Amino acid sequence: SSELTQDPAVSVALGQTVRITCQGDTLRSSYASWYQQKPGQAPVLVIYGRNSRPSGIPDRFSGSDSGNTASLTITGAQAEDEADYFCNSRDMSGNLPAVFGTGTKVTVL
Amino acid sequence: VQLLQSGPGLVKPSQTLSLTCSISGDSVSSNAAAWNWIRQSPARGLEWLGRTYYRSQWYSDSAVSVKSRVTVNPGTSKNQFSLHLTSVTPEDTAVYYCARRLWDVDGFDIWGQGTMVTVSS
Chain A
94 SSELTQDPAV
104 SVALGQTVRI
114 TCQGDTLRSS
124 YASWYQQKPG
134 QAPVLVIYGR
144 NSRPSGIPDR
154 FSGSDSGNTA
164 SLTITGAQAE
174 DEADYFCNSR
184 DMSGNLPAVF
194 GTGTKVTVL
Chain B
107 VQLLQSGPGL
117 VKPSQTLSLT
127 CSISGDSVSS
137 NAAAWNWIRQ
147 SPARGLEWLG
157 RTYYRSQWYS
167 DSAVSVKSRV
177 TVNPGTSKNQ
187 FSLHLTSVTP
197 EDTAVYYCAR
207 RLWDVDGFDI
217 WGQGTMVTVS
227 S
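For the protein sequence lines, the chains are A and B, in the order given. Take the first sequence: its position 39, counted from the start at 1, is 132 in my numbering, and no numbers get skipped. Take the second sequence: its position 65, counted from the start at 1, is 171 in my numbering, and no numbers get skipped.
Among the clues, some could well be false.
FRET-style restraints, in silico, Cβ to Cβ [as the list claims (entries may be wrong)]:
#, chain 1, residue 1, chain 2, residue 2, range
1, A, T98, B, Y165, 27 to 33 Å
2, B, S166, A, D118, 25 to 31 Å
3, A, G169, B, S120, 17 to 23 Å
4, B, K184, A, D118, 37 to 43 Å
5, B, T122, A, D118, 43 to 49 Å
6, A, K131, B, N137, 31 to 37 Å
A short, non-exhaustive set of chain A residues, derived as facing chain B with CB atoms under 10 Å [unchecked claim]:
#, residue
7, W127
8, Y128
9, G133
10, A135
11, P136
12, V137
13, P147
14, G160
15, S164
16, L189
17, V192
These aren't lab readings, by the way, just hints derived from the structure by calculation. Remember, predicted model here, so these are calculated numbers, not experimental data. We put the CB at the ideal spot given by N, CA and C, even for glycine.
Can you make the complete structure from the sequences, with help from the hints?
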């Protein structure tokens with residue numbers, strides 16, 4: 094199928110590490126990209142490709158993948174990392190960037 | 107690079123939703139990028155709608171879910187692109203975003219500010 098499944102919510106203590114996962118068949122053939130979204134704002138790209146960060150994204154954000162699962166890890170979570178996180182990948186044809194994950198709400202305690 | 111969206115926030119059922127995304131700092135006819143429309147609603151989450159891009163000629167693609175109703179076009183005389191969604195219903199109520207996707211990034215790296223569109227009579 095062309096669905097990407099994420100856990101609805103996770104929490105992490107300030108300074109600790111949290112991993113967010115994204116599962117779907119399309120991830121067997123396409124990398125995921127990851128987006129951070131804060132209330133009332135547009136999403137922001139934080140990870141793309143195998144494990145690349147756009148300019149300005151802190152290096153505490155990293156990505157990995159295995160089989161049908163992509164992961165976003167925040168190492169040393171900060172208060173400003175509290176947000177919704179979404180994954181995205183191409184569809185089963187491999188041509189269209191058409192599939193978004195269901196989103197994970199990260200709470201920093 | 108910045109994307110600035112414009113268009114109405116209220117559309118009547120059965121009418122056409124039209125939004126424009128104006129590009130600064132890049133070109134809609136760049137060979138390095140595709141120009142996309144994405145929407146977000148509580149019921150449907152983030153949903154990719156379609157894109158346009160230039161590779162020696164203009165191409166457009168759209169999502170299967172809205173394929174018969176959506177058109178994404180480059181601007182004819184301005185550095186912009188547009189979204190047209192026909193026969194709207196209340197289910198099309200959402201925040202609509204335009205976004206750039208570079209071919210060698212394979213992620214949506216620049217987003218517009220978002221436009222809340224409500225479909226209601």
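Hint check results:
1. T98(A) - Y165(B): 27 to 33 Å: 31 Å, holds
2. S166(B) - D118(A): 25 to 31 Å: 26 Å, holds
3. G169(A) - S120(B): 17 to 23 Å: This hint is violated: roughly 52 Å between Cβ atoms.
4. K184(B) - D118(A): 37 to 43 Å: 40 Å, holds
5. T122(B) - D118(A): 43 to 49 Å: The hint (43 to 49 Å, Cβ to Cβ) is violated, given that T122(B) and D118(A) are roughly 35 Å apart.
6. K131(A) - N137(B): 31 to 37 Å: 33 Å, holds
7. W127: 8 Å, holds
8. Y128: Check passed: Cβ of Y128(A) comes within 7 Å of chain B, closer than 10 Å.
9. G133: Nearest chain B Cβ about 9 Å off; hint holds.
10. A135: Constraint on A135(A) satisfied, holds at 4 Å.
11. P136: 6 Å, holds
12. V137: Check passed: Cβ of V137(A) comes within 7 Å of chain B, closer than 10 Å.
13. P147: 6 Å, holds
14. G160: It is violated, given that the least Cβ distance between G160(A) and chain B is near 19 Å, above 10 Å.
15. S164: 16 Å, violated
16. L189: At 6 Å from the nearest chain B Cβ, L189(A) passes the 10 Å test, so the hint holds.
17. V192: 8 Å, holds
Checked against the numbered hints given earlier, this structure breaks hints 3, 5, 14 and 15; the rest are met.
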